[in-house]
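Generate coordinates for the entire structure from the input sequences, incorporating the hints supplied.
For the sequence shown, the working numbering begins at 2 and goes up steadily by one.
Bear in mind the hints are in silico, worked out from the structure with no lab data behind them.
All clues given are correct.
Label-pair distances were calculated between CB atoms; the ranges are:
| hint | residue 1 | residue 2 | range |
| --- | --- | --- | --- |
| 1 | R251 | L26 | 44 to 50 angstroms |
| 2 | D317 | I200 | 20 to 26 angstroms |
| 3 | A172 | E115 | 23 to 29 angstroms |
| 4 | L220 | A55 | 44 to 50 angstroms |
| 5 | E210 | K56 | 40 to 46 angstroms |
| 6 | E331 | E210 | 22 to 28 angstroms |
| 7 | H287 | T61 | 47 to 53 angstroms |
| 8 | T67 | K4 | 16 to 22 angstroms |
Note that beta-carbon positions come from the ideal geometry of N, C-alpha and C, so glycine has one too.
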Amino acid sequence: MRKIRVAQIGTSKYSHGNEIFKTALALPEVFEVVGYALPEGEREKFPDKVKLFAKYREMTVEEILTDETIDAVLVETEEIYLTKYALMAARAGKHIHMEKPGGVSLSDFEELIETVRRSGTVFHTGYMYRYNPVIKEVIAKARAGEYGDIISVEAQMSGWRGEAQTCWLSAFPGGMMFYLGCHLVDLVLSICGKPERIIPFNKSTGVYETDARDYSFALFEYKNGVSFVKTTQAEMGGFKRRQLVVTGSRGKVEVRPLEISIKYPLQYTEYTECESTDWDDGGEHHRSPDHDRYTDMMLHFAERINGKEEKLYTLDYELELFRTITKCCE
Numbered sequence: 002m003r004k005i006r007v008a009q010i011g012t013s014k015y016s017h018g019n020e021i022f023k024t025a026l027a028l029p030e031v032f033e034v035v036g037y038a039l040p041e042g043e044r045e046k047f048p049d050k051v052k053l054f055a056k057y058r059e060m061t062v063e064e065i066l067t068d069e070t071i072d073a074v075l076v077e078t079e080e081i082y083l084t085k086y087a088l089m090a091a092r093a094g095k096h097i098h099m100e101k102p103g104g105v106s107l108s109d110f111e112e113l114i115e116t117v118r119r120s121g122t123v124f125h126t127g128y129m130y131r132y133n134p135v136i137k138e139v140i141a142k143a144r145a146g147e148y149g150d151i152i153s154v155e156a157q158m159s160g161w162r163g164e165a166q167t168c169w170l171s172a173f174p175g176g177m178m179f180y181l182g183c184h185l186v187d188l189v190l191s192i193c194g195k196p197e198r199i200i201p202f203n204k205s206t207g208v209y210e211t212d213a214r215d216y217s218f219a220l221f222e223y224k225n226g227v228s229f230v231k232t233t234q235a236e237m238g239g240f241k242r243r244q245l246v247v248t249g250s251r252g253k254v255e256v257r258p259l260e261i262s263i264k265y266p267l268q269y270t271e272y273t274e275c276e277s278t279d280w281d282d283g284g285e286h287h288r289s290p291d292h293d294r295y296t297d298m299m300l301h302f303a304e305r306i307n308g309k310e311e312k313l314y315t316l317d318y319e320l321e322l323f324r325t326i327t328k329c330c331e
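In structure tokens form, the structure reads like this:
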């Protein structure tokens, strides 16, 4: 199989750009890393992040996009610029892996999806829980009806962050909902589909002197139940309470915490499944094998480029997801 020639555009302080670049380098049988570009003043803004790239070829964005030998682009800029550079890559006919969730403009994201659709290239996004083996299994079981009719999905992803990152959230509509809540919206949408109604709640806790929305919550109304997502920067111990609970008419599964770090990015996940109505039955507790969240993500990207069909995370799904995130951020 021919190696996929890739280049990366950008990195950022609070997302996964460096890990994606490292992962591509760690898979030399799959990817040939050609180089990188650092637009939007990233070299000056993130000096600790750009050290990783020093041994490799620095290029301009134009050089990357006009190089016909480069098959794919990894778009890892700050969130507000993601759609901008992904759209440029799409117009150049490149396969795209883009950090989640995209920029803040819905119309620009819609144009991105339509451009990719016309070009027939791969559009792949960095929603890390899609590649968690336990969560993949839960989604598959739920969609196959193994839990019965889904009554609710409850998803939480919180923690305690410092003042600088909390203030940084003001760059996004919805604050935490845009930054981390997007992962949870992805889980609800992949299991339950498009909701009948969304009720968003995005607040500032006032823990620091900023009006950034650091506490976000959204309700999703469906025909036979209500689901919710919650994400906040102001929950002590919140990392270990990150969870996904899927309740159906024939069973329930609780994944908690979503990930436990062994040696980052190596993780494992714990979960409990219950099929009993007995109040005293806590269900069966399990632990997943260890897994690297980024390796599976990038191998999936390579499989897509090499022709593997994507049945769930289609262009239509990605567009509906972004529209749903936008509603949750209101």
